[in-house]
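If you use UniProt numbering, the sequence shown corresponds to residues 1 to 363, in order.
Hints may contain errors.
Label pairs and their in silico Cβ distance ranges [claimed, not checked]:
1. Thr309 - Gln258: 17 to 27 Å
2. His302 - Thr40: 45 to 55 Å
3. Ala208 - Ser16: 50 to 60 Å
4. Thr340 - Asp18: 21 to 31 Å
5. Glu275 - Glu74: 24 to 34 Å
6. His212 - Thr334: 24 to 34 Å
Pairs of lysine to aspartate or glutamate, DMTMM-like flavour, derived with a Cα cap of 25 Å [said to hold, decoys possible]:
7. Lys317 - Asp257
8. Lys94 - Asp161
9. Lys23 - Asp72
10. Lys254 - Glu73
11. Lys204 - Asp257
12. Lys61 - Asp307
13. Lys353 - Glu37
14. Lys185 - Glu145
15. Lys23 - Glu4
16. Lys254 - Glu101
17. Lys254 - Asp344
18. Lys94 - Glu223
19. Lys19 - Asp71
20. Lys250 - Asp278
21. Lys23 - Asp91
22. Lys330 - Asp344
23. Lys330 - Asp296
24. Lys204 - Asp260
25. Lys330 - Asp64
26. Lys61 - Asp278
Read the hints as simulated data drawn from the structure, not as lab findings.
Computed from a prediction, not measured in an experiment: that's the story for all the values here.
Using N, Cα and C, we set each Cβ at its ideal position, and we do this for glycine too.
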Amino acid sequence: MSTEKELLSLRDQIDSLDKQILKLISDRAGCAQRVAEVKTAAGADSTQFYRPEREAQVLRKIMDLNEGPLDDEEMARLFREIMSACLALEDPVKVAFLGPEGTFTQEAALKHFGHSAVTVPMSAIDEVFREVAAGSVAYGVVPVENSTEGVINHTLDNFMDSNIHICGEVVLRIHHHLLMSDVTKEDKISRIYSHAQSLAQCRKWLDANYPHAERVAVSSNAEAAKHVRGEWNAAAIAGETAANLYGLKKLSEKIEDQPDNSTRFLIIGSHPVPESGDDKTSILVSMRNKPGALHDLLEPFHRLGIDLTRVETRPSKSGAWNYVFFIDFKGHATDELIQTALKDVGERATDLKILGSYPCGVL
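Throw the hints in and build the complete structure from the sequences for me.
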């Protein structure tokens, strides 16, 4: 068979497969609409249309069944977008995030919920919590820790006075790009805008490539992207979402000094999440200020073989030199083993609050 005939045959196969894929997606969307009708008839509200544990189970199954040539994560991302579009037929998920538009937090929200979700920017982490608590949005997305900069204390502090549940997590690899606008003169760049943290994370690269350029810290990377649209001698350091949103060109890609730089974000909502089969639980514990308090707190987890993934300490609002502990561990609060551990910890603590059990991040 000649090359031209072989290509025509392959294209015919692709066209046929596309028709099959289109029909299957349409059938799936039809099922989603019927699900919405059943839930509505049963009196479910809009926040119950999205099921974090169900989505996690579906994506894990897709990754298990995948035989390539697309890798598991790429296939799961495709299915997440299909699920996001189908869910939008039921009721689009409204999600608050730490804004403005174009930030890494919005990128995390879209990675977790898909691009059919309605994302709403908030100017502060407190506002994200407040919007979720008020029911103005179904979920919120807030940063909780960065692999190079550590924990975001303001997010942890908001859990102390809130009844919000943690419903999920998403880890985002942070890639910084040097961006320019249509009016930027590439050889005349003398000013670079970005968030202070991003400037710090790209310091060595900037020292090597733009040692004489002024580095201007602004409130967010999205704000930096806005600045360069009107300045011929300026560039910005920001992510993919900001570049697309503001129509900027990548002058240099992935300029972060540490290529494994990642940020973990929490998904917050108003309802607890059932078991998904691979879960994590977060708790807040207040302990008496006495010798051995931390040992007493951690002993039940060690004795029962429960995998702790993070322990953070914050000053308590109840008095000087008193502290609260934020603890993440593997397992769901409904697990018998976890319930035993929490009972033991509760007997030793002055206060114990389950912040949420939720699926471990799939992507």
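Output the numbers, in ascending order, of every earlier hint that fails for this structure. 4, 6, 7, 13, 14, 15, 17 and 20
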